[in-house]
Every structure is written in C-alpha cells, then in structure tokens.
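Throw the hints in and build the complete structure from the sequences for me.
So the sequences go chain by chain: A and B.
If you count by the numbering used here, then the first sequence holds residues 16 to 440, one letter each, in order.
If you count by the numbering used here, then the second sequence holds residues 16 to 440, one letter each, in order.
Derived from the structure by calculation, the hints contain no laboratory data.
Fair warning: there could be bad hints in the mix.
Because identical chains cannot be distinguished in the list, a pair is counted as satisfied if it fits within a single copy or across any two copies.
[As the list claims (entries may be wrong)] DSSO-like, lysine-lysine: derived pairs with alpha carbons at most 30 angstroms apart: (1) Lys164 <-> Lys410; (2) Lys56 <-> Lys26; (3) Lys359 <-> Lys89; (4) Lys89 <-> Lys164; (5) Lys206 <-> Lys435; (6) Lys89 <-> Lys206; (7) Lys56 <-> Lys350; (8) Lys140 <-> Lys326; (9) Lys201 <-> Lys22; (10) Lys435 <-> Lys56; (11) Lys200 <-> Lys56; (12) Lys206 <-> Lys287.
Protein chains: 2
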Amino acid sequence: MQANINKTNQKRVIIIGGGFGGLKLARELSSSNFQVVLIDKNNYHQFQPLFYQVATAGLEPSAISFPFRKVFQKASNVHVRVAEVSRIDAAANCIQTSIGEIEYDYLILAIGADTNFFGNQNMMKYAMPMKSVSEALSIRNTILENYEKALVASDEQEKQALMNIVIVGGGPTGVEVAGTLAEMKKTVLPKDYPELDFSLMQVHLLEGSGRVLASMSEIASEKAKQYLIDLGVDVSLNARVIDYDGNTVTLTDSPAIHTRTLVWAAGVIGNKIEGLSPEVISRGNRILVDKTNKINGYSNIFAIGDIALMKDETYPNGHPQVAQVAIQQGELLAKNLKALSAGKVMKEFKYKDLGSMATVGRNKAVVDLPKIKFQGFFAWMVWMFIHLMSIVGIKNRLLIFINWAWNYITYDQSLRLIIKPKTKQ
Amino acid sequence: MQANINKTNQKRVIIIGGGFGGLKLARELSSSNFQVVLIDKNNYHQFQPLFYQVATAGLEPSAISFPFRKVFQKASNVHVRVAEVSRIDAAANCIQTSIGEIEYDYLILAIGADTNFFGNQNMMKYAMPMKSVSEALSIRNTILENYEKALVASDEQEKQALMNIVIVGGGPTGVEVAGTLAEMKKTVLPKDYPELDFSLMQVHLLEGSGRVLASMSEIASEKAKQYLIDLGVDVSLNARVIDYDGNTVTLTDSPAIHTRTLVWAAGVIGNKIEGLSPEVISRGNRILVDKTNKINGYSNIFAIGDIALMKDETYPNGHPQVAQVAIQQGELLAKNLKALSAGKVMKEFKYKDLGSMATVGRNKAVVDLPKIKFQGFFAWMVWMFIHLMSIVGIKNRLLIFINWAWNYITYDQSLRLIIKPKTKQ
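Structure, rendered in structure tokens:
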C-alpha cells in the first residue's frame with residue numbers, strides 16, 4: 016500500500032519524530048523547496064522539560080503539548096502524518112509505516128530515546144516511566160488514586176506503601192519530581208487529606224552514582240542535594256535497586272522501602288527502527304553519524320538528537336542527550352540539506368553548550384552557564400523565564416504563566432483530577 | 016468490611032453523587048452539626064453545561080472539573096470518598112460500597128442520570144455519549160483520529176464517513192455540539208487539514224420531535240434552527256434513527272448517512288441503585304419523592320436532582336432534569352435536614368424557574384427568561400456571563416475566560432490534541 020501524499024517535483028524529506036530536533040528541522044525547512052513529511056506517533060509536539068509538572072498536578076498536558084498541524088498551518092510544503100514507522104528500506108529509498116509505504120529523497124531519523132529499564136522485567140511491569148505526557152498523566156492519576164486508597168486502607172504498612180513515593184534516578188527529572196512531591200507533602204496534600212497522617216509519607220530519591228545532577232557542576236549537585244534534604248526528601252546516593260514487585264523496593268545496602276508508586280527516571284535508550292545495518296547501532300541503541308549527522312555508510316539518511324551518536328574531540332563519547340543538541344543539529348541539518356541538494360559542501364556540527372539547569376522547588380534552582388554558576392532564587396527565576404520562552408505558542412505561554420503565578424501565591428497544585436478518556440470496550 | 020470513617024457524635028448524612036445537587040447540599044451542610052460523607056465515582060465535580068466545549072477542543076477537561084477535596088479543604092465535617100455504591104440496606108441504615116459498608120442517619124441520593132440508548136444495543140456499542148468529561152474527551156479524541164484517518168483513506172465514501180459527524184438529539188447539548196462543529200468546518204479544520212476537501216464534510220443534527228430545543232419557547236427553537244442552518248448544519252426534524260453499525264446511520268424516511276462519528280444526545284435515564292422498593296421507581300428510572308424530596312415510604316432517605324421525580328400542580332410529570340432544579344433542591348434539603356434533626360417541620364419545595372438558554376455559535380445564542388425572550392449577540396453575552404459565573408473556582412473562571420477570548424479573536428479551538436494517559440497492560 017502506498018501512503019496518500021501528493022507527488023510534487025520537489026525533493027521529499029521525511030522526518031521521523033517531532034521532538035525538539037525533528038520539529039526544529041521541519042520548521043527550518045517549512046519555507047524551502049523541499050516537500051517535507053513529518054511523521055510522529057502523536058499529533059502534537061511534547062515539551063519534555065515540564066513533564067514533571069504534569070506528573071505532579073501543576074500543569075495540564077495541553078499546556079505543554081502543541082498540535083503539529085497548528086505549527087504548520089501556513090506551510091503548504093509540510094505534510095504531517097500520525098503513524099508508526101516499522102522499517103527503513105534503504106535500497107528502495109522508502110519506509111514502511113502504519114499508513115503505507117512512503118518514498119523519500121532524504122530521510123531523517125529524529126526518533127529520540129525512551130526509558131531504559133536495563134532489562135529488569137519487574138521494573139518494566141511495575142515502575143512508572145515519564146518519557147511522554149501520557150506517561151506523566153498516568154503518574155498523576157496513580158498518585159491521586161493511591162491517596163484515595165490510603166484513606167480506606169486498614170493496616171499501617173499498606174497505608175505507608177500507598178503514601179510513600181520512590182523516585183529512581185537523580186538526574187534533572189528525578190530531582191524535579193522529588194522536590195515537587197516533597198513540597199506537596201508539606202502544603203497541599205495534608206489539606207486535601209486531613210484524615211491521613213503525613214508523618215507516614217516519605218519521598219525517596221535513589222541515585223546510583225555518587226551525586227545528583229551528575230551531568231552538572233559539583234556545586235550544582237551539592238546545592239541541589241541540600242535543597243532536597245531541606246525539603247524533606249530522603250536522598251540515597253550510590254543506591255543500587257535490585258528489584259520491585261509493585262509493593263516493595265529491594266536495595267543492596269539499605270532496608271527495603273514499601274511503595275506503590277515508583278517513578279523510574281534512571282536512564283534512556285534509543286528508540287529502535289528496523290532496516291539499518293547493524294554496524295551503525297552503538298551503545299544505548301544510538302546511531303553512529305558523521306559530523307554532518309549523516310549515518311555512516313548511507314548517502315541520504317541522517318539522524319539527529321538523542322538517537323544520534325556523533326563523536327568529536329570535545330565529546331569523544333557523543334553529545335549529552337539534551338534538547339539543545341537536538342535543536343542545534345536540526346537547525347544545521349536544514350542548512351546542510353539545502354547545500355547538499357544544491358551540490359554545495361555541508362558544514363560540520365559543533366555543539367554550542369548554552370549551559371544546563373534544574374529546579375528543585377519554590378525559589379530553589381541550580382544553573383550552570385558556561386561562564387557562571389549560580390543557585391537559589393535568581394536561578395529559579397532564570398529557570399522559569401527560559402522555560403516559559405521555550406514553550407511553543409503564545410497561549411500556552413500565557414496559561415503556564417498564570418498557572419505558575421497562581422501556584423506560587425496559593426501553594427496549590429490545582430489539577431488534582433483523576434481524568435481518563437472513557438473507552439468503548 | 017466497614018469503611019474507614021471516624022465516628023463522631025454528630026448525625027451522619029451520606030450524599031451519593033457530587034453533581035449540581037449533591038455538591039450544593041454538601042456545601043450548605045459544610046458548617047453544620049452533621050457529619051457529611053460525600054461519595055462519588057470521581058474525585059471531582061463536573062460542570063455539565065460545558066461538556067460540549069471539551070468535545071469540540073475548546074476547553075480542557077480540567078477547566079470544567081473541580082476536585083471535591085479542594086472544595087472541602089476547610090470543612091472538617093465533610094468526608095470525601097471516591098467509591099461506587101452497590102446497594103442500600105434501608106432496614107440497617109447502611110450502604111454497601113466498593114470501599115466497604117457505611118452507616119447513615121440520613122441518606123441522600125443525588126445520583127443523576129446517564130445516557131439513554133432506549134435499549135438499542137448497536138447504539139450502545141457504536142454511538143458516543145456525552146454525559147461525563149471523560150466521554151467528552153473521548154469524542155474529541157475520536158473526531159481528531161478520524162480526521163487523521165481521512166487523510167490516508169483511499170476511497171471517497173470512506174473519507175466522507177470519517178469526516179461526517181452525526182448528532183442525534185436536538186436538545187441544548189446536540190445544538191451546541193452541532194453548531195460548534197459546523198463553525199470548525201469553516202474555520203480551523205480546513206487550516207489543519209489543507210489536503211482534505213471539506214465539501215465532503217457534513218454536520219447532521221437529527222431530532223425526533225418537530226423542533227430543536229423543544230423545552231424552550233417556540234421563538235427560541237425557531238431562531239436556533241435558523242442559526243444552525245446558517246452555519247451549514249443539516250437539520251432533520253421528526254427524524255427517526257433505526258440503527259447504526261459504526262459506519263452507516265439508517266433512518267425511516269431519509270437516505271442513510273455514512274459516518275464514523277455519531278454523538279448520541281437523545282435522552283437520559285436515571286442511574287440505578289439497588290435496594291429501594293420497586294414501587295418508588297417511576298418513568299425513566301426516576302425515584303418518586305414527596306415535596307420535601309423524601310422518598311415515598313422511607314423516613315430518612317431522600318433523592319434530589321435528575322434522579323428525583325416530584326409531582327406538583329405546575330409540574331404534574333416532574334420537574335425538568337436541569338441543573339437549577341438540582342441546586343434548588345439541594346439548598347432546601349440542607350435547611351430541611353437541619354429542621355428535621357431539630358424536630359421542626361420541613362418546608363415544601365417550590366421550583367423557581369430562572370429560565371433557560373442555549374448557545375449555537377459565535378454571537379449566536381437563545382435565552383428564555385421568565386419575563387423576556389431574546390436571541391443573538393446579547394443572548395450570547397448573557398450565556399457566557401452566566402456560565403462563567405457558575406463555574407467553581409476563580410482560577411478555572413480565569414482560564415476559561417482567557418480560552419474564550421482567545422478562541423473568539425483567533426477563530427481557533429486550540430486543544431486539538433489526542434492525549435490519553437498511558438496504561439500498563
């Protein structure tokens with residue numbers, strides 16, 4: 016079956032994945048001479064850095080999701096398709112998808128990474144990942160449902176398991192979730208559940224390495240840890256999780272923790288796609304690319320963002336899997352595709368590290384910029400400003416701003432709703 | 016099993032259902048000497064009059080849903096429980112629920128009504144009801160998914176079935192959904208799907224009686240019908256739907272209509288509860304009550320709102336099943352319960368009809384007040400003002416206002432997202 020996309024005499028660029036990299040590339044090509052086909056499983060772009068606020072009832076999924084069709088309403092050369100891609104047929108220059116076969120002149124894989132459970136079957140079954148708004152929403156629903164259950168639980172241990180929350184992984188996501196939940200323990204939850212004894216509740220953050228925010232500076236790690244401890248989070252470093260059966264987390268060196276809510280933010284692995292030569296797949300499923308993001312051994316297939324593994328002098332093991340790398344690669348690739356199709360030479364990618372940041376809670380954030388590192392209230396303001404400005408859409412920006420201002424004034428995450436679309440059986 | 020609710024020496028009032036009636040009653044009793052237990056399937060109150068805006072991507076579910084726990088944060092005598100009630104044991108003064116048995120001194124049924132498919136099994140299977148935010152969200156997701164499918168559909172008839180939308184029932188809900196979708200056909204949908212031919216799309220409104228908005232004045236019905244026709248809705252009066260197989264609607268007197276989206280808003284039936292004497296269950300499952308809302312034959316069980324059937328001189332067949340009746344009954348019952356427990360005489364209910372209204376589209380609404388009827392732009396402003404003021408929560412009010420203003424200026428229902436919480440299999 017052929018997918019139904021009109022033929023033009025423009026060269027066709029297929030972009031698989033509308034995350035930071037894919038979206039940037041498609042936008043840069045939206046006024047070009049290429050026909051662009053953007054394929055994603057969802058009909059919206061997701062703003063990953065704020066997933067944790069959806070999980071903790073601070074923001075609505077729609078505030079951080081933006082429909083692709085709206086982005087490209089005025090770009091007649093961009094065709095959005097909601098589909099799953101099953102296979103690349105590089106010899107025939109086409110891909111197999113759930114909506115049929117689509118031919119390409121250039122193919123760009125911006126398929127990103129998903130949660131890595133490191134093969135632990137029980138984790139896969141019981142732990143909650145947070146790599147999509149849907150998963151974040153699911154965490155919100157689970158936490159709220161568990162608190163309703165805690166109200167009617169008869170024995171203390173069960174009650175505690177329902178109230179405790181364990182977060183595995185001390186990267187930005189883990190730190191942000193842990194900090195927010197610890198704040199909720201002090202503010203909104205006791206007000207909502209006056210019948211529960213909140214001295215039973217504990218937020219645990221388990222990190223395998225020797226520090227939280229290991230990708231940031233020592234001072235950022237140290238400060239973030241202190242903020243978490245001040246908020247009442249039980250931070251365990253060098254913690255090794257052995258197993259989780261849905262009720263109890265077992266660890267190598269510490270006593271077991273009873274919890275029904277385990278958020279898994281301990282690592283990512285590249286999403287798989289069939290049809291590429293096995294030699295180009297490297298550590299963590301990342302795809303080996305040259306300095307123009309072209310996949311080794313292919314002439315017209317590229318990979319950008321989290322899925323791509325580009326080694327250079329500064330980053331011999333590849334770039335960090337963060338939004339900025341994906342955005343910068345998308346931006347350069349748009350220029351390079353234009354150059355390539357005009358028979359010109361492509362430019363090599365050089366990552367410009369703009370710095371990194373994480374927020375722990377109210378007035379508490381850590382910021383590492385190339386020339387300066389700072390923490391506290393001002394860092395928190397910077398964090399908010401940068402994230403607000405990065406959000407797609409003026410209305411989303413406005414709604415998020417109002418939500419944040421509201422939550423700040425009222426100490427109240429107001430979206431404590433267990434809502435699921437009703438499905439027909 | 017006994018549900019875990021602390022015993023006090025206050026008399027216990029159990030309210031089943033937190034719709035307009037149940038919520039009003041619980042609020043009025045929140046500073047009283049009763050212990051109030053409010054039981055609902057959901058942890059939030061739903062604002063039914065705006066479900067249609069959720070279904071048509073204009074508002075987020077959270078904007079019209081409000082967590083009960085937030086409403087009663089400061090009311091220490093009100094206990095919220097998320098549970099399903101299976102049975103009343105009137106002899107023992109207790110109810111059986113999914114969280115155990117709960118005893119009562121007074122029991123109030125505010126369980127409302129659900130969609131009535133009039134026994135049509137195929138309708139139950141394929142038609143989409145809209146009596147909860149979850150169901151409304153499900154309609155939004157289905158419409159958007161069908162448009163994605165239309166893009167890749169190969170033959171014209173399938174394409175048309177995916178684009179057509181049929182609404183059965185010309186009450187306020189049906190009229191509002193039809194009007195909004197007809198507007199979207201002209202504004203946002205062609206922009207989102209430039210590859211589709213919108214002359215294929217038709218919005219059908221099928222009404223069984225001789226006029227739309229049959230519960231309103233003749234002039235309101237007439238104007239509403241004209242507005243719908245002006246917007247391009249295909250309005251069929253005296254239409255009899257025979258069957259629907261998920262693809263084709265068959266009618267007695269008109270040609271079949273191909274559609275994958277059939278919204279069923281053609282009638283309601285009272286929600287069932289086990290344990291009451293069969294004699295008190297009347298037409299449409301409504302429960303017969305006296306003029307104090309006490310169920311006939313019981314001394315301490317009451318019913319209010321859509322589920323109650325109270326006959327009086329003005330309303331020999333019972334009151335209309337609308338929010339105002341439920342709210343007024345909830346308000347009076349709070350006073351009557353206080354009177355009853357103090358050994359005083361209860362007051363009889365007298366419905367004060369404040370009028371009714373419906374909106375068809377941009378600048379188009381119809382309003383029937385007791386002394387005056389009007390239509391058009393001013394009616395539309397009144398409709399918006401009344402609905403905005405009726406919404407629970409200042410933040411919700413603010414967010415809805417921004418959404419409405421935004422949509423009005425940009426002609427853009429911006430929540431065109433297919434989001435579902437991810438569930439573990």
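Subject >> Status of Lys326 relative to Lys140 across identical chains (alpha carbons, at most 30 angstroms) >> reply: Answer is neither: 35 angstroms inside a copy and 55 angstroms across each miss the 30 angstroms cutoff.
**OP:** Go through the copies and call it for Lys200 and Lys56: within, between, both or neither, with a Cα cutoff of 30 angstroms.
**Re:** between (35 angstroms within a copy, 25 angstroms between copies)
Subject >> Alpha-carbon proximity between Lys206 and Lys287, which holds within one copy, between copies, both or neither at 30 angstroms >> reply: Close neither inside one copy (45 angstroms) nor across copies (33 angstroms); limit 30 angstroms.
Original post:
Is it within a copy, between copies, both, or neither that the alpha carbon of Lys164 lies no farther than 30 angstroms from that of Lys410?
Top reply: Classified as between: cross-chain Cα gap 28 angstroms, same-chain 36 angstroms, threshold 30 angstroms.
Subject >> Up to 30 angstroms CA-CA - Lys89 versus Lys359, copy category >> reply: within (29 angstroms within a copy, 69 angstroms between copies)
Original post:
Quick one: Lys56 to Lys26, C-alpha cut-off 30 angstroms, is that within a copy, between copies, both, or neither?
Top reply: within (24 angstroms within a copy, 54 angstroms between copies)
Original post:
Is it within, between, both, or neither for Lys435 and Lys56, if the alpha carbons may be no more than 30 angstroms apart?
Top reply: both (19 angstroms within a copy, 13 angstroms between copies)
**OP:** Since the copies are identical, ignore which copy is meant and state whether Lys206 and Lys435 lie within 30 angstroms (CA to CA) inside a copy, between copies, both or neither.
**Re:** Both: 24 angstroms inside a chain and 29 angstroms across chains, each within 30 angstroms.
**OP:** Measure nothing new, just compare the shortest in-copy and cross-copy C-alpha distances for Lys89 and Lys206 to 30 angstroms and report within, between, both or neither.
**Re:** Only across copies: Lys89 and Lys206 sit 8 angstroms apart there, 47 angstroms inside one copy, limit 30 angstroms.
Original post:
Under a CA distance limit of 30 angstroms, which applies to Lys201 and Lys22: within one copy, between copies, both, or neither?
Top reply: between (59 angstroms within a copy, 27 angstroms between copies)
**OP:** Have a look at Lys56 and Lys350 and pick one of within, between, both or neither, based on CA distance no larger than 30 angstroms.
**Re:** Within one copy, since 26 angstroms is at most 30 angstroms while 55 angstroms is not.
**OP:** Could you place Lys89 and Lys164 in one of the four classes (within, between, both, neither) given a Cα distance threshold of 30 angstroms?
**Re:** between (49 angstroms within a copy, 21 angstroms between copies)
The structure fails hints 8 and 12 (numbered hints given earlier, in ascending order).
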